[in-house]
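The chain contents come next:
There are 2 protein chains.
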Amino acid sequence: MADLIPAMEKALIDFSAGNVMQPVRSVITVNPPGGFFGMMPALTPNGLGIKIVTFYATNAKRGIPTHMATIFLVDPETGTPLAIMNGTLITEMRTAAVSAAATNLLASPDAKILAILGSGVQARSHIAALRLVRNFEEVRVWSRTPEHAERFATEVGAKAMSAEKAVRDADVVVTATNSKTPVLKGSWLKRGCHINAIGACRPDWRELDDKAMANVVFVDSREAALK
Amino acid sequence: MADLIPAMEKALIDFSAGNVMQPVRSVITVNPPGGFFGMMPALTPNGLGIKIVTFYATNAKRGIPTHMATIFLVDPETGTPLAIMNGTLITEMRTAAVSAAATNLLASPDAKILAILGSGVQARSHIAALRLVRNFEEVRVWSRTPEHAERFATEVGAKAMSAEKAVRDADVVVTATNSKTPVLKGSWLKRGCHINAIGACRPDWRELDDKAMANVVFVDSREAALK
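So the sequences go chain by chain: A and B.
Numbering-wise (my numbering), the first sequence opens with residue 1 and increments by one.
Numbering-wise (my numbering), the second sequence opens with residue 228 and increments by one.
These are computed hints drawn from the structure, not numbers from a lab.
Hints may be right or wrong, so weigh each one.
[Unchecked claim] So the derived list for chain B, only partly shown, Cβ under 10 Å to chain A, looks like this: (1) 240; (2) 241; (3) 244; (4) 248; (5) 250; (6) 253; (7) 260; (8) 266; (9) 270; (10) 280; (11) 286; (12) 291; (13) 301; (14) 311; (15) 347.
[Claimed, not checked] Label pairs and their calculated CB-CB ranges: (16) A:201 with B:339: 53 to 63 Å; (17) A:162 with B:315: 54 to 64 Å; (18) B:310 with A:45: 47 to 57 Å; (19) B:436 with A:85: 43 to 53 Å; (20) A:201 with B:414: 22 to 32 Å; (21) B:244 with A:224: 45 to 55 Å; (22) A:61 with B:300: 18 to 28 Å; (23) B:359 with A:181: 25 to 35 Å; (24) B:436 with A:90: 16 to 26 Å.
For every residue, glycine included, the Cβ atom is placed at its ideal position computed from N, Cα and C.
Only chain A is shown next, with the shape it has when bound in the complex (with noise of 0.2 Å):
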């Protein structure tokens, strides 16, 4: 992971310069059971693939990963199949390092509390970036089932609380939930907090409310993030 942080921040200059082809991801609805089937390809100046994400909500009772992914590599040069690869793995740890490089850059220097909304994969590999490029003090966390907020916090060494409790005064906060209604309120941030938004990945999805929504939001695609 350490190594990934600044390898995520390269490859977002990179794309921000142009020097990526990157079309916006394109997802096949699966229903039922409201599965989702994304393609994203990309082409860099050192490689060419795709990865496939598969996400499923339904597989939660199935007691199997809701998201899992598949990566594709090709030569640039001759179109030659390289390497298929699980990127479950990859993409819980790259997701985590893309919110790491982001917090290094835009968060305070001397943020002291993170609450992580959400119990998942995606909450676990995020305590472990964000905790390279600050000194978290306090880790809070909460989940909409209490149970899993409580097994997961005595895991990474966090307090499981309220969401409202978990961000005031926090200097970081995650939302890495599967919610398709908001649950992060504008009016319980502290001023100058850094939000790392990952869960709401459809466009009627989402996360936080319209007040949170109003702070200063970057993205790392421009063109993705209007669709």
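We have chain A already, so just place chain B on it with the hints.
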């Protein structure tokens, strides 16, 4: 191949009936060397997945295939990866099977002369597939490189000749070239001739001249054909 032709006929019916979700393939162009990375996802009542096809004309000089394909399937119920397959042979067979299904329905029932423009893998698979739906007495072959045409003709029991000679009086014609400019002239065509035009896969490529295109045209996907 004998099983694949009716399967492809069913797939075309399902697609035209709206039972298949198949976004028009998207393509990343890789410059240099002028390669293409194409993505072809589909969701049917029975399956969900994507075929990745790379096309690098420059591979011919390297002695490796110009087209390579990989197929990735997931379980439509859960998004769990099911299979990753080399799709190169499947692509060769499937394309020819679709032409055979079309030829079976559209060509003269007593077609006797088959002309193939091109001498690559699609030329080969088309001869195998089309022989299953019509009893050809003569197979004619043209290729831009005469030695390729001769070698191929000897292999498949065909006669090599000029494109015009091959096409005149032919009942069924296949264009399976990588040409960017027309190789088939409408003025050569016998009345009632059926053409399978396979090769021109980019919007600015073409194998048929205007006069040939002025005949009745059938396409697998109107949306894709107009792009």
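Tested hints:
Interface restraint check: residue 240 (chain B) against chain A, minimum CB-CB distance 21 Å, threshold 10 Å, status violated. Checking residue 241 (chain B) against chain A: minimum C-beta separation of about 16 Å lies over 10 Å; hint violated. Taking 10 Å as the C-beta contact cut-off toward chain A, the hint placing residue 244 (chain B) at the interface is violated, the least distance being around 18 Å. The beta carbon of residue 248 (chain B) is positioned within 10 Å of a beta carbon in chain A (closest approach about 6 Å), and the interface hint is therefore held.
Restraint check, residue 250 (chain B) versus chain A: the minimum CB separation of about 6 Å is within 10 Å; hint holds. Checking residue 253 (chain B) against chain A by beta carbon gives a least distance of about 6 Å; that is within 10 Å, so the hint holds. Evaluation of the residue 260 (chain B) hint against chain A yields a held restraint, the C-beta minimum of about 7 Å falling below 10 Å. Checking residue 266 (chain B) against chain A: minimum C-beta separation of about 6 Å stays under 10 Å; hint holds.
Interface restraint check: residue 270 (chain B) against chain A, minimum CB-CB distance 5 Å, threshold 10 Å, status holds. For residue 280 (chain B), the interface hint holds, since its Cβ comes within 10 Å of a Cβ in chain A; the closest pair sits about 8 Å apart. This hint holds: residue 286 (chain B) has a C-beta 6 Å from the nearest C-beta of chain A, less than the 10 Å allowed. A distance limit of 10 Å between C-beta atoms decides the matter here; for residue 291 (chain B) the minimum to chain A is near 6 Å, and the interface restraint holds.
A hinted interface residue such as residue 301 (chain B) counts as satisfied when its beta carbon comes closer than 10 Å to some beta carbon of chain A; here the least separation is about 6 Å, so the hint holds. Interface hint at residue 311 (chain B): satisfied, since its Cβ lies 5 Å from the closest Cβ of chain A, which is below the 10 Å cut-off. Taken as an interface hint, residue 347 (chain B) does not check out: its beta carbon lies about 16 Å from the nearest beta carbon of chain A, beyond 10 Å. For the hinted restraint 53 to 63 Å between residue 201 (chain A) and residue 339 (chain B), the CB-CB distance of approximately 58 Å keeps it satisfied.
Hint check: residue 162 (chain A) to residue 315 (chain B), Cβ distance near 56 Å, so the stated range 54 to 64 Å holds. Between residue 310 (chain B) and residue 45 (chain A) the CB atoms are about 32 Å apart, so this pair departs from the stated range of 47 to 57 Å. Between residue 436 (chain B) and residue 85 (chain A) the C-beta distance comes to about 46 Å, which sits within the given range of 43 to 53 Å. Against the hinted window of 22 to 32 Å, the Cβ-Cβ separation of residue 201 (chain A) and residue 414 (chain B) comes to about 55 Å, which falls outside the hint.
Checking the proposed 45 to 55 Å range against residue 244 (chain B) and residue 224 (chain A) shows it is violated: the Cβ atoms sit about 33 Å from each other. Evaluation of the 18 to 28 Å hint for residue 61 (chain A) and residue 300 (chain B) yields a pass: the beta carbon distance comes to about 23 Å. The hinted window of 25 to 35 Å between residue 359 (chain B) and residue 181 (chain A) is violated, with their beta carbons roughly 57 Å apart. The beta-carbon spacing between residue 436 (chain B) and residue 90 (chain A), approximately 49 Å, falls outside the hinted interval of 16 to 26 Å.
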